[in-house]
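Chain by chain, the residues:
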Amino acid sequence: GAVVSQHPSRVICKSGTSVKIECRSLDFQATTMFWYRQFPKQSLMLMATSNEGSKATYEQGVEKDKFLINHASLTLSTLTVTSAHPEDSSFYICSARDPGGGARTQYFGPGTRLTVL
Amino acid sequence: GIQVEQSPPDLILQEGANSTLRCNFSDSVNNLQWFHQNPWGQLINLFYIPSGTKQNGRLSATTVATERYSLLYISSSQTTDSGVYFCAYETDSWGKLQFGAGTQVVVTP
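Respectively, the protein sequence lines represent chains V and G.
Residue numbers 2 to 118, in my numbering, belong to the letters of the first sequence in order.
Residue numbers 1457 to 1565, in my numbering, belong to the letters of the second sequence in order.
None of these hints come from the bench; they were simulated from the model.
Note that the structure is a prediction, hence the values are computed from the model and not measured.
Built from N, CA and C at the ideal position, the CB exists for glycine as well.
Misleading hints may appear alongside valid ones.
Said to hold, decoys possible - Beta-carbon label-pair distances, calculated as ranges:
{"hint": "1", "chain 1": "G", "residue 1": "T1476", "chain 2": "V", "residue 2": "T83", "range": "28 to 38 Å"}
{"hint": "2", "chain 1": "G", "residue 1": "A1521", "chain 2": "V", "residue 2": "K21", "range": "20 to 30 Å"}
{"hint": "3", "chain 1": "G", "residue 1": "I1458", "chain 2": "V", "residue 2": "K67", "range": "43 to 53 Å"}
{"hint": "4", "chain 1": "V", "residue 1": "Q30", "chain 2": "G", "residue 2": "P1565", "range": "35 to 45 Å"}
{"hint": "5", "chain 1": "G", "residue 1": "N1474", "chain 2": "V", "residue 2": "N71", "range": "19 to 29 Å"}
{"hint": "6", "chain 1": "V", "residue 1": "K42", "chain 2": "G", "residue 2": "N1480", "range": "34 to 44 Å"}
Claimed, not checked - The calculated DSS-like cross-link candidates involving lysine-lysine, where the alpha carbons are at most 25 Å apart (straight line), are:
{"hint": "7", "chain 1": "V", "residue 1": "K15", "chain 2": "V", "residue 2": "K56"}
{"hint": "8", "chain 1": "V", "residue 1": "K56", "chain 2": "G", "residue 2": "K1510"}
{"hint": "9", "chain 1": "G", "residue 1": "K1552", "chain 2": "V", "residue 2": "K67"}
{"hint": "10", "chain 1": "G", "residue 1": "K1510", "chain 2": "V", "residue 2": "K65"}
{"hint": "11", "chain 1": "V", "residue 1": "K21", "chain 2": "G", "residue 2": "K1552"}
{"hint": "12", "chain 1": "V", "residue 1": "K65", "chain 2": "V", "residue 2": "K15"}
{"hint": "13", "chain 1": "G", "residue 1": "K1552", "chain 2": "G", "residue 2": "K1510"}
{"hint": "14", "chain 1": "G", "residue 1": "K1552", "chain 2": "V", "residue 2": "K42"}
Unchecked claim - If you want the footprint, here are the derived chain G segments under chain V, 3+ residues with CB under 8 Å:
{"hint": "15", "stretch": "1523-1535"}
{"hint": "16", "stretch": "1556-1563"}
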């Protein structure tokens, strides 16, 4: 099946710094990727839709200036958490649809656990 | 928005037992899917099932779209089935997913 990778898997940073998370589709081209956030014991909440070559679309309540998304190629989307604060600590997950994969299934990355001190 | 209710919220099973997880919707939804999130956080697609019944090994799923619910059956459970099971539906043509709250499953040896 299709594989989506994320890097790093875990990051600890100081309050006020910025953190970049990469999401890659390894064996397919993804024109659209999605970024989710998951707090402990909670469900996944969609943050934004990342489209290759255009601006990301953010969900209501998600600050676009704080969570910068860049979809520079058909296999790479990045999420940068700017001026991170402890409340940004969470599990960030990306996903991508394989347009050649038949059914409308999404493939998820393994997630990045962000801890802001 | 459409309300998604998953039940039960928690489930403890002894290895070998069978179980049924349920997902109810307050209105019609598009392209219902089931996912398993393992204890390390990885989500795995289980079923894309907008309607009807599908089976994959010990797992099967049934969606009755007209009655706005879907069921996930786990038979002969194994410890590797532990994790959180989510149902989700697409909210637009791009494929944005809205997830239910999930069912936490623990399978004990």
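Evaluation of the provided hints:
Distance hint for G:T1476 and V:T83: a CB-CB separation of about 45 Å, inconsistent with the stated range 28 to 38 Å. Judged by the Cβ atoms, the range 20 to 30 Å given for G:A1521 and V:K21 is violated: they are separated by roughly 41 Å. Checking the proposed 43 to 53 Å range against G:I1458 and V:K67 shows it is violated: the Cβ atoms sit about 28 Å from each other. Taken as a hint, the range 35 to 45 Å holds for the pair V:Q30 and G:P1565, whose Cβ atoms sit roughly 43 Å apart.
Between G:N1474 and V:N71 the beta carbons are some 46 Å apart, a value that contradicts the proposed interval 19 to 29 Å. Remark: the range hint 34 to 44 Å for V:K42 to G:N1480 is contradicted by a beta-carbon distance near 21 Å. For the proposed pair V:K15 and V:K56, the alpha carbon gap of about 28 Å is over 25 Å, so the pair is violated. Distance hint between V:K56 and G:K1510 is unfulfilled; the C-alpha atoms sit about 37 Å from each other, more than 25 Å.
Among the hinted pairs, G:K1552 with V:K67 is consistent with the structure: their alpha-carbon atoms are about 21 Å apart, no more than 25 Å. Among the hinted pairs, G:K1510 with V:K65 is inconsistent with the structure: their alpha-carbon atoms are about 39 Å apart, more than 25 Å. Distance hint between V:K21 and G:K1552 is fulfilled; the C-alpha atoms sit about 23 Å from each other, no more than 25 Å. Among the hinted pairs, V:K65 with V:K15 is consistent with the structure: their alpha-carbon atoms are about 21 Å apart, no more than 25 Å.
The straight-line distance between the Cα atoms of G:K1552 and G:K1510 is roughly 23 Å, inside the 25 Å bound, and the hint therefore holds. Taking the CA atoms of G:K1552 and V:K42, the gap is about 21 Å. The hint holds against a cut of 25 Å. For the stretch 1523-1535 of chain G, the stated coverage by chain V is violated: 0 residues have a C-beta nearer than 8 Å to a C-beta of that chain, whereas at least 3 were required. By the rule of at least three residues with a Cβ nearer than 8 Å to a Cβ of chain V, the coverage given for the stretch 1556-1563 of chain G holds, with 3 such residues.
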